[in-house]
Each structure stands twice: as C-alpha cells, then as structure tokens.
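Trainee: What follows is the residue order along each chain.
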Amino acid sequence: MERGDYAGDVRRWLEVATKGICQEGKERIQEEISAHYEDALRDALHQGSPKIQAHFAAMESLGSPRKAGRAFRRSCLTEREAKWLEWITGPTPWWVFLMFMPFLLGAERDLAHRASNDLTALLSTTAFASDTALWVFVWRRAAPRVARLGRFRTCFLLRLLPMLFLAWPLIVIPQYRQILSSPPLIFACACTLLSFTATSMLAVRSLGQIERKLRGSQSARWPGGHPE
Amino acid sequence: MNLKGTLPLLILHALESGPKHGYRIACDIKAKSKGVLDFKEGTLYPALHEQENKGLVESYEQTESGRRRRYYRLTEDGRKVLAKERTEWRAFSRAVTHVLEGA
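In order, the protein sequence lines correspond to chains V and G. Just so you know, the first sequence maps onto residues 991 to 1218 in our numbering. Just so you know, the second sequence maps onto residues 8 to 110 in our numbering.
Possibly wrong hints are sitting among the right ones.
[Unchecked claim] So, partial list: chain V residues that the calculated Cβ filter (under 7 Å) puts toward chain G:
1) His1026
2) Leu1052
3) Arg1056
4) Gln1199
5) Glu1201
What the hints contain is simulated information worked out from the structure, not anything from laboratory work. Ideal placement from N, C-alpha and C gives every residue a C-beta, glycine not left out.
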C-alpha cells in the first residue's frame, strides 16, 4: 500500500463491500462507512498514534469487506431487487400484460369457438374481470412504492394459490389423471408444475424480502425532525 | 467468544439513552464492555439496517460540521423488543451461570 493512499484504501473496501447493492444503498453505506472511518482515524490521532498506524487501526476496525458485503446484501436492496421493484411498481406495468395474456387468449378462444362448455367460458371471463380489478387496485391507484409492492404480493398470491390448487389434483388424483393421456405427459406435467410451484414460492419469498428492505429504507425520515 | 446474535440487543440497548450515529454506538458498546465486545463496523451497519427494516430503529440524516451523519433512534416497537429481550437475556445468563458454578 502506498503511504498516503488512505482514501484509496477506504474506496477499495467500499467497492468490495457494496458490490451488487443498488445505487441508493451504495451511497448510504459509503457515507456511513466514510464518516465512521474518519471518526476512528481522528480518535486514534487524538490518542497520539502516528497517522499510518491510526489509518491501519481504522481500516482494521472495518473488518472484512467480503463479510460485510454479504451482510449488506441481506439488509439493503440489491441491484437486481431494485430492477424487480422498478419493473413491478414502475410506470410501465409489464407484469399486467403477463398476467392478462393467458386469460385474454382463453377468453378470445372461448368466444371464437363457442366454448365447448359454459363453465370454461365463465372461468375465463371471471379471471379476466378479476385481473382487470387487480390492475386497477394495484397500479392505477396512486400509492407509495412499498404499498404497491404489498398489493402486488397479495395479488400474486391470490392468482397463484387457486392455480396451484386447481392444477395439482390433475396429477395427483387418479380420476383426473386420466385426462392426461400418457405417463410421459403426466411426468412432464408433474415436473413443470413442481418447478412452477418452487419458483413461485421463491418469488413470494423474494417479494417479502424486497418489501421489508424497502420499508426499512423508507423509514429513514424521522417524523419529529432532528435528533436531540 | 462467540458474540453472534447479541449485536441487535446491544444496539437497541445503546440507543435507549438517545439517538446516536454508528460510530458512537460502536464506541459505547466497546467502552461499556471494557473492550471485550469489539464488533467490526462492517457487521455493525448491516445489523443497524436490519433493525431498521424490522421497524425497531429509525434513522435521520443530519449535516454536522459539513459532513452528513446518519443518526439512529429507538422506535416504540424497538423499546418493547428491548425490554422483552433484556428479560430473556437475564434469565438465560443466570441459567448459564448456575450451570457453570454448579459444575
């Protein structure tokens, strides 16, 4: 290490520790750690340590940047989570189209071919109507991002759970299983459904984590004003 | 000594006496434990953010001699959790002491 390249050491520590953290989180960590380093350096200098020794002591007090980075990624929004958040709560709700498409196609097919039974048509229409209501509820109403995210998670669960409850009996209950014509098809459906269930559960968990982190970062304003 | 898991409780305790910034919290813990509990700051701040995510502390940014500092303070929920965890810790600590002294 070059003598006098103290700022460079802190910068390198921060680069490693904040890797993968979203910009807002990075700025906050950089401010806190830099202020902390300066305080530690100043205290060590006050105690009579030479500058290089004070610098090493302050750097030592920061600990391992990799370990800190892992902990920061658990407590702050990561870049990927920030992208998800933007995608979900941003001005262009792409997820709405994804949610609508299967039901739009289903409703269109049923209308075009005069559904073989009325129940199919009713299900498609109900799903389309409920999705429209969810879209209005989640996206159209102005609300803080954290509230929108919470609503999205609720809607996601409301959409997901019936799908899973309706799909699994097809594979598990023998009389329904007959609808799927061959064992390879049953196996393929089971694998698809299993991976879909696992992915969905992970998505719900991730949404919960993002919501918790977002709630934390948005609490960073004291309603009562300045600290005493 | 394995200190994992005690940091959130110590943070809440350090903030009980009033708002503090991260460095002051670290110094308080170190001084009160006579240097035994010396957490690396790289773990202190994620723990502080985690407590904030849980709604147990809240933070505020203030400019102090030209430098922005983030102060933390306990929320009402934080006070309740601190009281509960302090009671649990005392019971736990007494139990371990009984076991060690009885051995």
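Trainee: Each hint needs a verdict: does it hold in this structure or not?
Mentor: Hint-by-hint comparison with the structure:
no.: 1; hint: His1026; in the structure: holds (5 Å)
no.: 2; hint: Leu1052; in the structure: holds (5 Å)
no.: 3; hint: Arg1056; in the structure: violated (9 Å)
no.: 4; hint: Gln1199; in the structure: violated (9 Å)
no.: 5; hint: Glu1201; in the structure: violated (10 Å)
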